[in-house]
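Peer 1: Just so you know, the protein sequences line up as chains R and X, in that order. Under this note's numbering, residues 2 to 344 are what the first sequence spells out, in order. Under this note's numbering, residues 2 to 344 are what the second sequence spells out, in order.
I should point out that these hints are in silico values taken from the structure, not numbers from a laboratory. Among the hints, erroneous ones may be present.
No copy labels: a pair is met if it fits in one copy or bridges any two.
[Said to hold, decoys possible] Computed cross-link-like contacts, SDA-like style, restricted to lysine to any residue with a CA-CA straight-line distance of at most 25 angstroms:
no.	residue 1	residue 2
1	K26	L293
2	K337	E183
3	K337	G279
4	K337	T302
5	K26	G304
6	K75	A238
There are 2 protein chains.
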Amino acid sequence: MHDNPIIPVVLCGGSGTRLWPRSRKAMPKPFLPLVGERTLFEATLDRVGGHPFGQPIIVAGAAHVPAIVAQAGKNVQIVVEPSAKNTAPAIALAAGLLPADAIMLVCPSDHHIADSAAFAAAAVAAAGLAVDDWMVAFGIAPNRPETGFGYIRIGEPLAEGYRIDRFVEKPDRSLAERFLTEGGYAWNGGIFAFRAGAFLDELRTHRPEMAALILRAVDEGMRDGAHFHPGADAFGAIAGESVDYAVMENAARAAVVPVDMGWSDVGNWEALRDARTGDSNGNRVRGRADVLDCRNVLIDTDGPRVSVVGLDDVIVVVDGDEILVTSAHGAQLVGKLPGAANQ
Amino acid sequence: MHDNPIIPVVLCGGSGTRLWPRSRKAMPKPFLPLVGERTLFEATLDRVGGHPFGQPIIVAGAAHVPAIVAQAGKNVQIVVEPSAKNTAPAIALAAGLLPADAIMLVCPSDHHIADSAAFAAAAVAAAGLAVDDWMVAFGIAPNRPETGFGYIRIGEPLAEGYRIDRFVEKPDRSLAERFLTEGGYAWNGGIFAFRAGAFLDELRTHRPEMAALILRAVDEGMRDGAHFHPGADAFGAIAGESVDYAVMENAARAAVVPVDMGWSDVGNWEALRDARTGDSNGNRVRGRADVLDCRNVLIDTDGPRVSVVGLDDVIVVVDGDEILVTSAHGAQLVGKLPGAANQ
Numbered sequence: 002m003h004d005n006p007i008i009p010v011v012l013c014g015g016s017g018t019r020l021w022p023r024s025r026k027a028m029p030k031p032f033l034p035l036v037g038e039r040t041l042f043e044a045t046l047d048r049v050g051g052h053p054f055g056q057p058i059i060v061a062g063a064a065h066v067p068a069i070v071a072q073a074g075k076n077v078q079i080v081v082e083p084s085a086k087n088t089a090p091a092i093a094l095a096a097g098l099l100p101a102d103a104i105m106l107v108c109p110s111d112h113h114i115a116d117s118a119a120f121a122a123a124a125v126a127a128a129g130l131a132v133d134d135w136m137v138a139f140g141i142a143p144n145r146p147e148t149g150f151g152y153i154r155i156g157e158p159l160a161e162g163y164r165i166d167r168f169v170e171k172p173d174r175s176l177a178e179r180f181l182t183e184g185g186y187a188w189n190g191g192i193f194a195f196r197a198g199a200f201l202d203e204l205r206t207h208r209p210e211m212a213a214l215i216l217r218a219v220d221e222g223m224r225d226g227a228h229f230h231p232g233a234d235a236f237g238a239i240a241g242e243s244v245d246y247a248v249m250e251n252a253a254r255a256a257v258v259p260v261d262m263g264w265s266d267v268g269n270w271e272a273l274r275d276a277r278t279g280d281s282n283g284n285r286v287r288g289r290a291d292v293l294d295c296r297n298v299l300i301d302t303d304g305p306r307v308s309v310v311g312l313d314d315v316i317v318v319v320d321g322d323e324i325l326v327t328s329a330h331g332a333q334l335v336g337k338l339p340g341a342a343n344q
Numbered sequence: 002m003h004d005n006p007i008i009p010v011v012l013c014g015g016s017g018t019r020l021w022p023r024s025r026k027a028m029p030k031p032f033l034p035l036v037g038e039r040t041l042f043e044a045t046l047d048r049v050g051g052h053p054f055g056q057p058i059i060v061a062g063a064a065h066v067p068a069i070v071a072q073a074g075k076n077v078q079i080v081v082e083p084s085a086k087n088t089a090p091a092i093a094l095a096a097g098l099l100p101a102d103a104i105m106l107v108c109p110s111d112h113h114i115a116d117s118a119a120f121a122a123a124a125v126a127a128a129g130l131a132v133d134d135w136m137v138a139f140g141i142a143p144n145r146p147e148t149g150f151g152y153i154r155i156g157e158p159l160a161e162g163y164r165i166d167r168f169v170e171k172p173d174r175s176l177a178e179r180f181l182t183e184g185g186y187a188w189n190g191g192i193f194a195f196r197a198g199a200f201l202d203e204l205r206t207h208r209p210e211m212a213a214l215i216l217r218a219v220d221e222g223m224r225d226g227a228h229f230h231p232g233a234d235a236f237g238a239i240a241g242e243s244v245d246y247a248v249m250e251n252a253a254r255a256a257v258v259p260v261d262m263g264w265s266d267v268g269n270w271e272a273l274r275d276a277r278t279g280d281s282n283g284n285r286v287r288g289r290a291d292v293l294d295c296r297n298v299l300i301d302t303d304g305p306r307v308s309v310v311g312l313d314d315v316i317v318v319v320d321g322d323e324i325l326v327t328s329a330h331g332a333q334l335v336g337k338l339p340g341a342a343n344q
């Protein structure tokens with residue numbers, strides 16, 4: 002255990018095509034009230050407000066700064082990425098700006114977590130491992146044979162978690178079913194804890210070029226009130242890579258803290274449907290709507306009345322002059338629609 | 002056979018709730034271009050334009066007169082019903098205004114008929130029987146075990162058709178399937194041929210009170226250019242009844258002319274979907290729309306783009322501030338939606 006506050010590092014990225022037309026480039030997924038009345042970003046900050054958490058650092062592109070300021074206030078610390086380089090450089094920027102002994106908790110800003118207490122308990126456990134220089138991933142308890150996530154095979158027990166036996170790329174359906182039956186696997190939900198100095202040490206070992214460019218970008222950066230602008234030349238020269246590939250899969254001391262906290266990546270309209278609470282027929286309605294002989298239907302309209310008859314597992318979204326009607330299963334294809342792709 | 006023109010009597014009625022939200026009280030089904038570019042009413046007039054047909058008589062409520070004049074011109078003959086009394090009184094009004102020897106062809110204004118030549122041939126055959134005072138119904142060739150229509154059992158052959166053996170109320174599914182397997186049955190499509198005088202004779206025999214009130218309403222009526230306004234007191238006193246109940250089922254000389262002419266009553270969105278031509282996947286699109294992994298989907302939008310993913314046999318209709326999404330099977334329930342019922 003440790004007594005210093007855990008510093009939330011909140012990542013704001015993503016293009017928002019899979020939740021089109023509600024999520025659009027101009028107002029992407031983190032900044033929309035998709036599950037409750039708070040936006041996913043606001044709920045992320047709520048979750049890390051107060052003990053045992055310290056003041057958060059937001060890492061985001063310039064395009065997202067107005068939405069962040071509108072929802073978190075003008076005093077919130079923002080690291081403004083000069084370009085999008087995936088998660089490893091984003092996390093490394095925050096690590097480079099923090100004291101070496103700071104414990105960081107990396108949180109995506111566009112996930113839904115129903116059980117905040119379970120989240121906080123896992124954060125404390127993960128921080129306890131991070132103090133000892135473990136690279137720590139949250140291991141989300143899987144409840145279905147999902148083929149869209151990476152898996153973590155849980156290894157031998159540690160003081161407050163487990164050693165990571167290995168990472169498994171997105172499996173096919175039969176492998177995912179085997180993982181679920183066998184047990185001992187968790188989803189990699191993109192939530193991590195690191196000691197800042199230890200993270201940079203790992204990066205130096207496995208990605209020395211990236212580590213050098215990050216330190217240069219921090220050195221050449223400019224502070225503007227609560228906003229930090231890393232040097233654009235150095236940051237732009239980085240080859241973008243995920244933290245999973247750049248650090249986690251290479252770390253000698255990689256740990257997982259299993260957690261069951263009602264987590265969803267809200268990765269498409271079906272996941273969003275499931276994250277919302279339904280009526281006795283499983284129907285979820287936002288806005289003016291009537292349903293007749295329907296089950297597990299999601300309706301979300303910003304204006305016109307939507308009347309749905311005789312359908313199960315169908316999603317209807319109305320956003321201005323765009324109307325999406327998809328099967329729950331088809332929701333994964335929404336990003337390929339002309340409307341979503343050509344924003 | 003006979004040489005006088007056949008007088009089309011075009012009935013405009015119906016509330017249009019089953020094709021809501023496109024069809025509304027203010028602009029109901031006959032006056033919308035639902036199948037082709039012409040409205041169903043225009044297509045009905047097109048079908049009876051020229052030899053062997055004479056000038057049509059339209060029978061309609063006052064609310065429909067502006068739409069009729071807009072689509073058929075101000076010189077078209079309209080009998081303006083003071084109130085809605087179902088088909089027997091509407092037809093009787095036309096019969097009372099025509100010479101006794103006129104041959105009437107009663108045509109609903111809200112059906113789709115793909116094969117106009119087959120329609121005209123059947124009209125000539127029906128007129129040949131009507132000259133001899135047969136009460137003649139078109140017998141639509143059935144192509145599915147439909148439970149929403151009345152059936153006609155075809156009897157012994159006549160010169161240009163068949164005696165009607167009996168009328169059968171809307172059957173249940175198993176009976177409808179038996180009719181289709183056995184053969185010898187036709188759908189009653191609401192298209193009839195009568196000699197005007199013979200029709201009124203039958204009405205006098207079977208519905209003497211209605212016949213007397215119709216003749217009074219004609220006597221007390223007022224002509225206003227091409228429009229005839231029957232006496233409202235007499236017409237209002239009539240007990241409304243369908244021509245099937247009031248005349249056809251009671252007539253001693255009832256005949257049927259079988260016809261296969263691509264007929265549809267366009268009775269709901271599923272029927273309308275089937276009446277339109279689909280692409281290679283059976284999808285029918287009007288307006289801005291994209292489909293992905295869909296089959297037999299109907300999209301009809303008056304403005305917003307509609308994107309549909311992963312659905313079969315689903316209908317999406319956008320009309321102003323109302324959006325309908327229904328399964329093809331559920332289309333029969335559309336009239337029960339709050340939006341359709343509370344116009």
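Peer 1: Look at each hint and say if it fits the structure.
Peer 2: These are the hints, each one checked on the structure:
no.	hint	in the structure
1	K26 <-> L293	between (34 angstroms within a copy, 22 angstroms between copies)
2	K337 <-> E183	neither (35 angstroms within a copy, 50 angstroms between copies)
3	K337 <-> G279	between (28 angstroms within a copy, 23 angstroms between copies)
4	K337 <-> T302	both (21 angstroms within a copy, 21 angstroms between copies)
5	K26 <-> G304	both (21 angstroms within a copy, 22 angstroms between copies)
6	K75 <-> A238	neither (30 angstroms within a copy, 76 angstroms between copies)
Violated hints, listed in ascending order, are 2 and 6; each of the other numbered hints is respected by the structure.
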